[in-house]
Amino acid sequence: MAIQVINDKCRGCKLCVRACPFDAVDMVGKLAVVNEKCTACAQCVAACPFNAIEQTASEEGSVDLSAYKDVWVYTEQRAGKLMNVALELLGEGSKLAKEIGDRKVCAVLVGYETDHLIPELYAYGADVVYQIDYPLLKNFTTDGYTKVMTDAIKEYRPEIVLFGATHIGRDLAPRIAARLDTGLTADCTRLDVNTGNYINYLKKYTTLDTAGMDPNSEDKTLKQTRPAFGGNIMATIICPKTRPQMATVRPGVMSKLEKDETRKGKLVEVVHNLKRSDIRTEVVEVVKAAKELVSLTDAEIICSGGRGLGDPSGFELIRRLADTVGGVVGSSRAAVDAGWIDHSHQVGQTGTTVKPKIYFACGISGAIQHLAGMQTSDIIIAINKDADAPIFEVADYGIVGDLYKVVPKIIDEWNRVKEELNK
Amino acid sequence: MSFKIIVCAKQVPDTNEVKIDPIKNTLIREGVPSILNHDDANALEEALKIKDRYKDTHITVITMGPPQAKDLLIECLAMGADEGILVSDRALGGSDTWATSNALAAAVKKIGEYDLIFAGRQAIDGDTAQVGPQLAEKLNLPQVTYVKEFAMDGKDITVKRALEDGYELIKLKLPCVLTAIKELNSPRYMSVGGIYDAVGKEIPVWGAKELEIDLDTVGLEASPTNVFRSFTPAPKGKGVIIERDTVEETAKVLLEMLQEKYIIA
Numbered sequence: 001m002a003i004q005v006i007n008d009k010c011r012g013c014k015l016c017v018r019a020c021p022f023d024a025v026d027m028v029g030k031l032a033v034v035n036e037k038c039t040a041c042a043q044c045v046a047a048c049p050f051n052a053i054e055q056t057a058s059e060e061g062s063v064d065l066s067a068y069k070d071v072w073v074y075t076e077q078r079a080g081k082l083m084n085v086a087l088e089l090l091g092e093g094s095k096l097a098k099e100i101g102d103r104k105v106c107a108v109l110v111g112y113e114t115d116h117l118i119p120e121l122y123a124y125g126a127d128v129v130y131q132i133d134y135p136l137l138k139n140f141t142t143d144g145y146t147k148v149m150t151d152a153i154k155e156y157r158p159e160i161v162l163f164g165a166t167h168i169g170r171d172l173a174p175r176i177a178a179r180l181d182t183g184l185t186a187d188c189t190r191l192d193v194n195t196g197n198y199i200n201y202l203k204k205y206t207t208l209d210t211a212g213m214d215p216n217s218e219d220k221t222l223k224q225t226r227p228a229f230g231g232n233i234m235a236t237i238i239c240p241k242t243r244p245q246m247a248t249v250r251p252g253v254m255s256k257l258e259k260d261e262t263r264k265g266k267l268v269e270v271v272h273n274l275k276r277s278d279i280r281t282e283v284v285e286v287v288k289a290a291k292e293l294v295s296l297t298d299a300e301i302i303c304s305g306g307r308g309l310g311d312p313s314g315f316e317l318i319r320r321l322a323d324t325v326g327g328v329v330g331s332s333r334a335a336v337d338a339g340w341i342d343h344s345h346q347v348g349q350t351g352t353t354v355k356p357k358i359y360f361a362c363g364i365s366g367a368i369q370h371l372a373g374m375q376t377s378d379i380i381i382a383i384n385k386d387a388d389a390p391i392f393e394v395a396d397y398g399i400v401g402d403l404y405k406v407v408p409k410i411i412d413e414w415n416r417v418k419e420e421l422n423k
Numbered sequence: 424m425s426f427k428i429i430v431c432a433k434q435v436p437d438t439n440e441v442k443i444d445p446i447k448n449t450l451i452r453e454g455v456p457s458i459l460n461h462d463d464a465n466a467l468e469e470a471l472k473i474k475d476r477y478k479d480t481h482i483t484v485i486t487m488g489p490p491q492a493k494d495l496l497i498e499c500l501a502m503g504a505d506e507g508i509l510v511s512d513r514a515l516g517g518s519d520t521w522a523t524s525n526a527l528a529a530a531v532k533k534i535g536e537y538d539l540i541f542a543g544r545q546a547i548d549g550d551t552a553q554v555g556p557q558l559a560e561k562l563n564l565p566q567v568t569y570v571k572e573f574a575m576d577g578k579d580i581t582v583k584r585a586l587e588d589g590y591e592l593i594k595l596k597l598p599c600v601l602t603a604i605k606e607l608n609s610p611r612y613m614s615v616g617g618i619y620d621a622v623g624k625e626i627p628v629w630g631a632k633e634l635e636i637d638l639d640t641v642g643l644e645a646s647p648t649n650v651f652r653s654f655t656p657a658p659k660g661k662g663v664i665i666e667r668d669t670v671e672e673t674a675k676v677l678l679e680m681l682q683e684k685y686i687i688a
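Those protein sequences? They're chains L and D, same order as listed.
Numbering-wise (the working numbering), the first sequence opens with residue 1 and increments by one.
Numbering-wise (the working numbering), the second sequence opens with residue 424 and increments by one.
Treat each hint with caution, since some may be false.
As the list claims (entries may be wrong) - FRET-style restraints, in silico, Cβ to Cβ:
id	chain 1	residue 1	chain 2	residue 2	range
1	L	Lys154	D	Lys533	28 to 38 Å
2	D	Glu679	L	Tyr134	38 to 48 Å
3	L	Lys9	D	Asp668	49 to 59 Å
To be verified - Computed from the model, here is a short list of chain D residues facing chain L with C-beta under 10 Å:
id	residue
4	Ser524
5	Val615
6	Tyr619
7	Asp620
8	Gly642
9	Ile664
10	Ile665
Rather than coming from a laboratory, the hints here were simulated on the basis of the structure.
Just so it is clear, CB atoms sit at the ideal spot from N, CA and C, and this is done for glycine as well.
Could you put together the complete structure from these sequences and hints?
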């Protein structure tokens with residue numbers, strides 16, 4: 001894909017220059033010229049009132065794409081426990097397999113002494129479990145896991161491979177993609193095969209013109225949507241020429257299937273030839289943090305503070321609110337960047353994506369990067385001095401005022417209501 | 424003892440400063456400064472700390488980007504790096520992470536001798552965290568990502584790799600690729616002397632020809648991933664603003680509303 005300006009149509013209005021997130025359009029005289037910073041994001045195509053900019057498709061590759069079948073999920077386990085995101089991806093993988101039609105969703109289970117996890121994988125939707133079980137795979141190592149995964153992908157040729165965008169998934173997936181010379185899309189928040197569903201999504205949640213898209217298209221490529229440019233825009237990425245199509249997916253975004261313990265699947269024990277000398281790192285120990293464990297993804301209530309707190313001590317108030325309502329403390333990127341609170345509390349594009357029942361945003365203006373990580377919360381309550389803050393655009397309940405005055409009153413009122421309810 | 428260290432850095436727009444035009448629902452990019460990517464500053468700082476200890480250590484910073492990315496290299500030189508190389512060519516434009524790592528790997532190979540490669544975990548404009556591992560793969564080097572603590576003893580490296588709920592303690596040997604996160608250190612400022620020296624330094628520009636790279640492995644057309652569509656998300660429907668004479672009443676009304684909707688019960 002490439003972006004081209006049709007010179008006779010360009011009127012030199014510069015709207016594309018303004019629209020481009022990457023500073024990739026220059027004006028040469030009265031003509032827009034695309035420079036090398038272009039990432040083909042097509043913001044300019046949408047912005048041009050004269051249809052003077054087009055996105056051109058690239059030539060098809062020579063790889064036989066039809067030889068690749070099935071949807072694989074790397075079902076990450078740590079110390080014999082499956083990560084939540086692995087189960088979420090089995091749910092999403094089942095959806096995609098159905099959309100392609102006549103495809104299976106397969107779990108790839110890598111580790112040592114992992115047999116006990118297999119029934120759980122079936123119960124959450126895996127039709128097939130590819131198990132790679134070996135003492136050298138007890139702890140995650142980039143070298144060891146990359147080798148066995150790459151060899152298995154080459155052997156069985158899945159069409160799609162999904163990973164959780166965890167610290168391990170984001171280490172492993174790029175290495176595998178590079179070894180296979182295929183594409184990888186990071187931190188996806190939505191996946192579509194069916195074009196009709198994708199168009200419906202665009203219509204509902206975006207302002208993008210979908211007129212040129214055919215909802216009945218037979219196109220079965222994976223449309224991988226993710227926040228880009230610090231979460232300020234969303235981009236849908238495709239991998240048209242190579243297989244498998246690979247993506248890492250944000251934890252907490254996709255839905256698990258209902259657990260069905262009667263479900264059965266097929267087990268395939270994958271043959272591998274991993275040797276000790278293949279692994280060039282030594283994991284001395286894996287340490288669970290002694291510090292407060294912030295499980296933002298599992299929290300039903302999150303109380304977040306941002307730049308509006310003014311200083312780090314503001315988080316004492318946020319903590320009091322969290323203790324009162326039975327929630328955990330979150331924060332915006334600005335508060336983390338300022339050094340007021342540890343990154344593990346950060347909600348947003350570069351932090352954790354959350355969808356709690358209640359989200360309190362205190363002194364958070366609502367940069368898109370933050371909104372991207374919390375706007376699917378059931379109920380959002382925003383407290384901010386600035387009535388024009390974008391957080392109020394997504395809030396169900398907004399209070400314009402000084403959080404240091406408002407939050408203590410909410411705490412009092414919450415306690416009072418709870419007491420009454422308990423009577 | 425001395426080491427040859429390569430640091431990979433990227434010039435990025437400060438995405439924290441980007442705002443959305445609420446009426447047109449488009450990005451407002453005007454006035455957004457270009458900065459040295461945060462994690463990359465941590466990568467450079469760790470290299471500089473090695474140089475503080477072993478004076479003869481040589482640090483080369485490479486960056487890939489448009490001609491103006493030279494400013495970033497000057498900043499890195501002013502912080503204390505010895506050499507900056509700009510990888511820049513129209514033919515490299517639009518590269519995805521696979522193609523970018525091909526170009527960077529070619530640059531590293533052209534530099535030739537090195538003991539250690541540091542990069543930032545991810546850049547704030549793309550947030551992919553893929554180039555570090557993919558560069559390591561192209562160079563067939565071991566990697567550790569999310570490095571939050573680093574120690575070296577000759578060719579032996581010990582690092583802590585951050586996990587969501589703790590860390591891994593990992594040992595490995597040089598040469599290798601490490602990607603840095605914020606927790607690793609606090610980057611130093613440019614020194615006055617450093618700025619003075621940096622401005623005069625020559626910064627070589629390597630294009631596809633100098634890199635002797637196959638044009639089928641770089642740039643927009645060669646990249647396995649393409650942008651299909653991009654858009655600004657539409658905001659969710661607006662809720663209610665609660666406004667009463669006193670803060671007490673406002674809080675009370677909020678709680679009543681939450682109760683009415685059975686959000687607290």
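Checked hints:
A beta carbon spacing of about 31 Å between Lys154 (chain L) and Lys533 (chain D) agrees with the range 28 to 38 Å that was offered as a hint. The beta-carbon spacing between Glu679 (chain D) and Tyr134 (chain L), approximately 60 Å, falls outside the hinted interval of 38 to 48 Å. At about 58 Å, the beta-carbon gap between Lys9 (chain L) and Asp668 (chain D) stays in the expected band of 49 to 59 Å. Residue-level restraint check for Ser524 (chain D) holds (minimum Cβ-Cβ distance to chain L is 6 Å; threshold 10 Å).
Restraint check, Val615 (chain D) versus chain L: the minimum CB separation of about 26 Å is more than 10 Å; hint violated. With its C-beta approaching chain L no nearer than about 29 Å, Tyr619 (chain D) sits outside the 10 Å limit, and its interface hint is violated. Interface hint status for Asp620 (chain D): violated, as the beta-carbon distance to the closest one in chain L is roughly 29 Å, over 10 Å. Annotation: interface hint on Gly642 (chain D) holds; nearest CB of chain L at approximately 9 Å, less than 10 Å.
Below 10 Å, beta-carbon pairs count as interface contacts, and Ile664 (chain D) has one with chain L at about 4 Å; its hint therefore holds. The restraint placing Ile665 (chain D) at the interface with chain L holds, with a minimum CB-CB distance near 5 Å, inside the 10 Å limit.
Consistency with the previously given hints fails for numbers 2, 5, 6 and 7, ordered from lowest to highest.
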